[in-house]
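J.: Sequences listed follow chains A and B, in order. Take the first sequence: its position 8, counted from the start at 1, is 8 in my numbering, and no numbers get skipped. Take the second sequence: its position 20, counted from the start at 1, is 20 in my numbering, and no numbers get skipped.
Derived from the structure by calculation, the hints contain no laboratory data. Keep in mind that the hints are not guaranteed to be accurate.
[To be verified] Restricting the straight-line Cα-Cα distance to at most 20 Å, the calculated cross-link-like pairs of lysine to aspartate or glutamate (EDC-like) are:
| hint | chain 1 | residue 1 | chain 2 | residue 2 |
| --- | --- | --- | --- | --- |
| 1 | A | 87 | B | 94 |
| 2 | B | 63 | A | 66 |
| 3 | A | 51 | B | 2 |
| 4 | B | 105 | B | 60 |
[To be verified] Some, not all, of what chain A presents toward chain B, calculated at C-beta under 8 Å:
| hint | residue |
| --- | --- |
| 5 | 14 |
| 6 | 54 |
| 7 | 55 |
| 8 | 59 |
| 9 | 77 |
| 10 | 97 |
| 11 | 98 |
| 12 | 99 |
| 13 | 101 |
[Said to hold, decoys possible] Rough simulated footprint, nothing fancy, chain A against chain B, three-plus residues with beta-carbon under 8 Å:
| hint | region |
| --- | --- |
| 14 | 17-28 |
| 15 | 31-41 |
All residues carry an ideal CB built from backbone N, CA and C; glycine is no exception.
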Amino acid sequence: MTVQQIIEQKLQAGFSPSHLDVSNESFMHNVPEGSESHFKVVIVSDEFATKRLIGRHRAVNAVLADELANHIHALAIHTYTEQEWTKLQEQSPDSPNCMGGSKL
Amino acid sequence: METVEKIQQQISENPILLYMKGSPKLPNCGFSAQASQALMTCGEEFAYVDILQNPDIRAELPKYADWPTFPQLWVDGELVGGCDIIMEMVQQGELQTIIKESAAKRAK
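Bound-form chain B, shown alone:
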């Protein structure tokens, strides 16, 4: 499968998806650590892709997303942003809202 197709499949099959360096339990980067911690505190299940284990995705996703850095949070097929946006949304209480809304769609 082409890398772009793989990315599209990941994004469409995982409504809450974090592309990060390392894993939520063992992050390899401070920005990825902050982002995954913030997501965990929302209390909903989410998927992650470790881009250090997936060099093809690491190379291709920035072009596909038109977003140069990692982590990247995708919710319901849309890029929400990177670490700074996630943290600012936490401050405003917005992250919890979009994560809960996304999870609620599937609970119906």
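Chain A on its own, in the form it takes in the complex:
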């Protein structure tokens, strides 16, 4: 299984999201072709309703702790409740461009 599939599976199991989009953004960075180092997660779940932003991100980080420790170099996280997601018209922010830091 690819790292991307593992991330998808764990988030699916952890949050029962109504929308989940895991994208491999490694190609945008200074890493070999085919790398699985930089990911962006957009996750919509009403389980976030009672949590502040930092709590939501901590929850996502906790579910992906193994992957973060061993595979993932950068993880952009965008968490929304159904209501927030509708309000945003189902658009999440783009990740910033690489500035070369992943080799350092």
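Once you have looked at the hints, place chain B on chain A.
T.: Relative to chain A, chain B alone:
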């Protein structure tokens, strides 16, 4: 000094503190660049630590903070979050608020 003590000292002595890759003028990572730019637009003085120059802090802070990635913004001794949280707070106008509130405490 132990690395953890060094981190604790940095956090307690610098009420607005950004741990980042590179410096605000020469960031080495897009996420760190966004975070430091957002902080600069708040117009208050802040401290930063370049974790690329401080490998001990880079290794230790994620455990101490229970936060796996950089940048990390700390305000008044508390972790606010990373780049995505900072940017979302900018959108909501919340970043400016907490930075100004923190600075106002010291202006008294």
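J.: Would you mind marking each hint as holding or not holding in the structure?
T.: Do the hints match the structure? See the list:
1. 87(A) <-> 94(B): 18 Å, holds
2. 63(B) <-> 66(A): 14 Å, holds
3. 51(A) <-> 2(B): Violated, at about 34 Å.
4. 105(B) <-> 60(B): 29 Å, violated
5. 14: 16 Å, violated
6. 54: Check passed: Cβ of residue 54(A) comes within 5 Å of chain B, closer than 8 Å.
7. 55: 10 Å, violated
8. 59: Cβ of residue 59(A) sits 12 Å from chain B, so the hint is violated.
9. 77: 5 Å, holds
10. 97: Because about 5 Å separates residue 97(A) from the closest Cβ in chain B, which is inside the 8 Å limit, the hint holds.
11. 98: Holds: closest Cβ of chain B sits about 6 Å from residue 98(A), inside 8 Å.
12. 99: Status holds, d = 5 Å.
13. 101: At about 3 Å, which falls below the 8 Å cut-off, the nearest Cβ of chain B leaves the hint on residue 101(A) intact, so it holds.
14. 17-28: Satisfied; 4 residues make the cut.
15. 31-41: holds (count 4)
Of the hints listed earlier, those the structure fails to meet are numbers 3, 4, 5, 7 and 8, in rising order.
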